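Asks: This is what each chain is made of:
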Amino acid sequence: MFALDIQGMGKSFKGKKRQVVEALQGLNLSIEQGEVFGFLGPNGAGKSTTIKCLMGLIKPTYGTATIMGEPIGSVASRMKVGFLPENPAFYDYLSAEEYLLFVGGIFKMSTALLARRTEEMLKLLELWDARKRPMRGYSKGMVQRVGLAQVLLHDPDLYILDEPMSGLDPLGRALVKNIIIDLKKRGKSVFFSTHITDDVEKVCDRVGVINKGQLLALDSVDHILQQGIEGYVVNITTVAGLREESFVTKSDLQIFIQRAISNQCLIEKIQPRRKDMEAFFLEIVAR
Amino acid sequence: MFAIIQITLKGIFRDRVFQGIMVLAVLFLFIPSAASLSMRQVTELSITLSLSLISFILLLLSVFLGATSLWKDMERRYTFSVVSLPISRSSYLLGRFFGLALFIVLTSVILGAAGCLVIKICSGIYPPDRPVVWGYLVLAIGFATLKYILLVGVALLLSTVSTSFFLPVFGTICAFLASGVTQQVYEYVNSPIALQVVSPFFKPTVTLLYYLLPNLAGFDLNVNAIYSIAPDQSGLLLTVVYFVAYTAILMGGATLIFGHREMK
Chain A
1 MFALDIQGMG KSFKGKKRQV VEALQGLNLS IEQGEVFGFL GPNGAGKSTT
51 IKCLMGLIKP TYGTATIMGE PIGSVASRMK VGFLPENPAF YDYLSAEEYL
101 LFVGGIFKMS TALLARRTEE MLKLLELWDA RKRPMRGYSK GMVQRVGLAQ
151 VLLHDPDLYI LDEPMSGLDP LGRALVKNII IDLKKRGKSV FFSTHITDDV
201 EKVCDRVGVI NKGQLLALDS VDHILQQGIE GYVVNITTVA GLREESFVTK
251 SDLQIFIQRA ISNQCLIEKI QPRRKDMEAF FLEIVAR
Chain B
1 MFAIIQITLK GIFRDRVFQG IMVLAVLFLF IPSAASLSMR QVTELSITLS
51 LSLISFILLL LSVFLGATSL WKDMERRYTF SVVSLPISRS SYLLGRFFGL
101 ALFIVLTSVI LGAAGCLVIK ICSGIYPPDR PVVWGYLVLA IGFATLKYIL
151 LVGVALLLST VSTSFFLPVF GTICAFLASG VTQQVYEYVN SPIALQVVSP
201 FFKPTVTLLY YLLPNLAGFD LNVNAIYSIA PDQSGLLLTV VYFVAYTAIL
251 MGGATLIFGH REMK
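As you go down the protein sequences, you meet chains A and B in turn.
At position 287 of the first sequence the residue is numbered 287 (the working numbering), and the sequence of numbers has no breaks.
At position 256 of the second sequence the residue is numbered 256 (the working numbering), and the sequence of numbers has no breaks.
If you're looking for bench data, these hints aren't it; they were derived computationally from the structure.
Given the structure is predicted, the values throughout are model-derived calculations rather than measurements.
Take the hints with a grain of salt, since some may be wrong.
[Stated by the list, open to error] Once the Cα atoms are required to be at most 25 Å apart in a straight line, the calculated DSS-like pairs of lysine-lysine come out as:
id, chain 1, residue 1, chain 2, residue 2
1, A, K177, A, K123
2, B, K72, B, K10
3, A, K132, A, K108
4, B, K72, A, K132
5, B, K10, A, K132
6, A, K123, A, K108
7, A, K80, A, K185
8, A, K80, A, K177
9, A, K80, A, K59
10, A, K140, B, K10
11, A, K212, B, K264
12, B, K264, A, K17
13, B, K264, A, K59
14, A, K108, B, K10
15, A, K177, A, K140
16, A, K140, B, K72
17, B, K72, A, K59
18, A, K14, B, K264
19, A, K140, A, K123
20, A, K16, B, K264
21, A, K212, A, K275
22, A, K80, B, K264
23, B, K264, A, K140
24, A, K184, A, K80
25, A, K202, A, K269
[What the hints assert, rightly or not] Here are the in silico distance ranges between beta carbons for each label pair:
id, chain 1, residue 1, chain 2, residue 2, range
26, B, R76, A, S12, 21 to 29 Å
27, A, G69, B, R16, 42 to 50 Å
28, A, Q19, B, V181, 42 to 50 Å
29, B, L238, A, K132, 43 to 51 Å
30, A, P170, B, F13, 35 to 43 Å
31, B, T207, A, G69, 50 to 58 Å
32, B, Y246, A, E22, 39 to 47 Å
33, B, S234, A, V75, 36 to 44 Å
34, B, P200, A, G44, 50 to 58 Å
35, A, V75, B, Y246, 23 to 31 Å
36, A, F13, B, V181, 41 to 49 Å
37, B, R16, A, Q19, 39 to 47 Å
38, B, I249, A, L171, 50 to 58 Å
For every residue, glycine included, the Cβ atom is placed at its ideal position computed from N, Cα and C.
Bound-form chain A, shown alone:
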């Protein structure tokens, strides 16, 4: 069973002057259990539309999808997922603690477990000192962390996060990345959208690039980075003791090494020079 399985899902909206806007066009995507998947795309690409369809906030015009085997839009599917909306907003008259207790109640968590998990989450996300204060006094980053706390609270098997790092300072971003890495270690599935390629490169197993409602690329991060190798930077020390650094293309590497050995040079270091995820993303989107 896939953690997330999307089959030919599409969504169209009526735009200005009754013009039909295809926000999502026949998306096919499956996320394995235990996989961290990065959904990459520029602003307005269809990332949030996909996520809103998955969470039952909007209904897809066509196609189907399941979350842990349950059809999207059902209460059962939402029971099995932790969802963080983009720029989350929570009842600002409640404190973070009250909100987490409210969320836990909806997830039907036992009182003892809820109290323990609430404390753990508030401490993990550095909200413990502010737990009693109404959220109307929180900064954007703090609200985002409350969002993450409510996502992690009931320890689901699948996490759907819409731009989880937006609004966070570098420390907050590092915290979120560590949380995602930790979830991966614990065999949880994570589907998160972002337009920041660095986030994807560091934490994801696979990546999908979406633009104008169409999935343009779907590949593993390792494969993309491997494919992106343009050549190698080789550091050698000659017989005379001189240190040299050369750039060698992929095809010339073998010959270069053989020549260096035959000339009794010492090969100090071979380092691949590659296009990063950002270059890959820009190349796909520009097509």
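Following the hints, complete the assembly by docking chain B onto the known chain A.
Replies: Here is chain B on its own, set in the frame of chain A:
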């Protein structure tokens, strides 16, 4: 749904609109002195003023809290976080309704108690011609409560179809104003006198509006409470049945519309 009811109540009690409206309850303190300005029927006047003040506060609360509750959630994007939790949209909406209804009941109890205290003081100082029948007074407050709960239902229904603040607020106020006269207009249009003056198109329109708009005339038991007149029991039963049926239709419509609404 219980969690939503709790959240609704917390939200109202911490809302400045509620706190502002409840300041009006201070006016209860002035009722004995205002009633004593009358040369006679001081107790009757204190009952009238008390019931009117309760009614006015409940009207403001039901219109503003009922009409803004759902709208505020959508406007401030709270619904994204809540509707994506494992709770059905109907449970969310009904939770909101029952939360607001419970709040209206609690407010009526508090205001009713304050009103009864004021009337007791007035009747002690200026004994009335007819003894105050407390049961009728409680009935009048109870039916006023039902009336405003029904109005909350109207406000919620209008909130589900609208993206702006204006339709729920002004729609509810219009529905409230119309609800007081629908019965009289309907009876006039169907009377023999109206046959010659009312156009054939007007009569079915009035009939349609009569059934469509809430008829709140039956909920007004103020006269019974003021003059200690026993209310018609079958009429009361019919009003309760009307309240249940009309509220059920309103909330049924609201949940249907809200269930299909897209949270863009």
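Asks: Now look at each hint and say whether the structure bears it out.
Replies: Cross-check of the supplied hints:
1. At most 25 Å may separate the alpha-carbon atoms for a hinted pair to count; K177 of chain A and K123 of chain A meet this at roughly 17 Å.
2. Taking the CA atoms of K72 of chain B and K10 of chain B, the gap is about 15 Å. The hint holds against a cut of 25 Å.
3. Distance hint between K132 of chain A and K108 of chain A is fulfilled; the C-alpha atoms sit about 22 Å from each other, no more than 25 Å.
4. Using a Cα cut-off of 25 Å, the hinted pair K72 of chain B and K132 of chain A holds, with the two alpha carbons roughly 23 Å apart.
5. As the CA atoms of K10 of chain B and K132 of chain A are separated by approximately 14 Å, the hinted pair is consistent with the 25 Å bound.
6. A C-alpha spacing of about 22 Å is found between K123 of chain A and K108 of chain A, which places the hinted pair at or below 25 Å, so the restraint holds.
7. Proximity of K80 of chain A to K185 of chain A is assessed by CA-CA distance (about 19 Å); at most 25 Å being required, the pair is judged to hold.
8. For the hint pairing K80 of chain A with K177 of chain A, the CA-to-CA distance comes to about 22 Å; that is within 25 Å, so the pair holds.
9. Between K80 of chain A and K59 of chain A the CA atoms are separated by roughly 19 Å; this keeps the pair inside 25 Å, and the hint holds.
10. At most 25 Å may separate the alpha-carbon atoms for a hinted pair to count; K140 of chain A and K10 of chain B meet this at roughly 23 Å.
11. Taken as a hint, the K212 of chain A and K264 of chain B pair is honoured in the structure, with Cα atoms around 17 Å apart against an allowance of 25 Å.
12. Restraint check for K264 of chain B and K17 of chain A: the C-alpha separation of about 18 Å stays at or below 25 Å, so the hint holds.
13. For a cut-off of 25 Å, the pair hint linking K264 of chain B to K59 of chain A stands: about 10 Å separates their Cα positions.
14. Restraint check for K108 of chain A and K10 of chain B: the C-alpha separation of about 20 Å stays at or below 25 Å, so the hint holds.
15. Between K177 of chain A and K140 of chain A the alpha-carbon distance is near 18 Å, which keeps this suggested pair within the 25 Å criterion.
16. In summary, the hint linking K140 of chain A to K72 of chain B is supported, as the alpha carbons are separated by about 19 Å, within the 25 Å threshold.
17. For a cut-off of 25 Å, the pair hint linking K72 of chain B to K59 of chain A stands: about 23 Å separates their Cα positions.
18. Between K14 of chain A and K264 of chain B the CA atoms are separated by roughly 12 Å; this keeps the pair inside 25 Å, and the hint holds.
19. Of the supplied pair hints, the one linking K140 of chain A and K123 of chain A holds, its CA atoms being roughly 18 Å apart against a limit of 25 Å.
20. A C-alpha spacing of about 15 Å is found between K16 of chain A and K264 of chain B, which places the hinted pair at or below 25 Å, so the restraint holds.
21. Between the alpha carbons of K212 of chain A and K275 of chain A the distance comes to roughly 24 Å, so the proposed pair stays at or under 25 Å and holds.
22. Distance restraint check for K80 of chain A and K264 of chain B: the Cα-Cα separation of roughly 23 Å lies within the 25 Å cut-off, and the hinted pair is therefore satisfied.
23. This hinted pair checks out: K264 of chain B and K140 of chain A have alpha carbons roughly 21 Å apart, not beyond 25 Å.
24. At roughly 17 Å between alpha-carbon atoms, K184 of chain A and K80 of chain A fall within 25 Å of each other, so this suggested pair holds.
25. For a cut-off of 25 Å, the pair hint linking K202 of chain A to K269 of chain A stands: about 24 Å separates their Cα positions.
26. The given range of 21 to 29 Å is respected by R76 of chain B and S12 of chain A, whose C-beta atoms sit roughly 27 Å from each other.
27. In this structure the supplied range 42 to 50 Å holds for G69 of chain A paired with R16 of chain B, their Cβ-Cβ distance being about 46 Å.
28. Taking 42 to 50 Å as the suggested C-beta distance range, the pair Q19 of chain A and V181 of chain B conforms, at roughly 45 Å.
29. Hint check: L238 of chain B to K132 of chain A, Cβ distance near 50 Å, so the stated range 43 to 51 Å holds.
30. Separated by about 39 Å at the C-beta atoms, P170 of chain A and F13 of chain B satisfy the suggested range of 35 to 43 Å.
31. Under the hint 50 to 58 Å, the C-beta atoms of T207 of chain B and G69 of chain A, about 52 Å apart, fit the expected range.
32. Range check, Y246 of chain B to E22 of chain A: about 43 Å between beta-carbon atoms, so the 39 to 47 Å window is met.
33. The beta-carbon spacing between S234 of chain B and V75 of chain A, approximately 43 Å, falls within the hinted interval of 36 to 44 Å.
34. Between P200 of chain B and G44 of chain A the CB atoms are about 55 Å apart, so this pair conforms to the stated range of 50 to 58 Å.
35. Between V75 of chain A and Y246 of chain B the beta carbon distance is about 29 Å. The supplied range of 23 to 31 Å therefore holds.
36. The hinted window of 41 to 49 Å between F13 of chain A and V181 of chain B holds, with their beta carbons roughly 42 Å apart.
37. R16 of chain B and Q19 of chain A have their C-beta atoms about 42 Å apart, which keeps the hinted 39 to 47 Å range intact.
38. For I249 of chain B and L171 of chain A, the Cβ-Cβ distance of about 54 Å falls inside the hinted range of 50 to 58 Å, so the restraint holds.
Taken one by one, the earlier hints all hold for this structure without exception.
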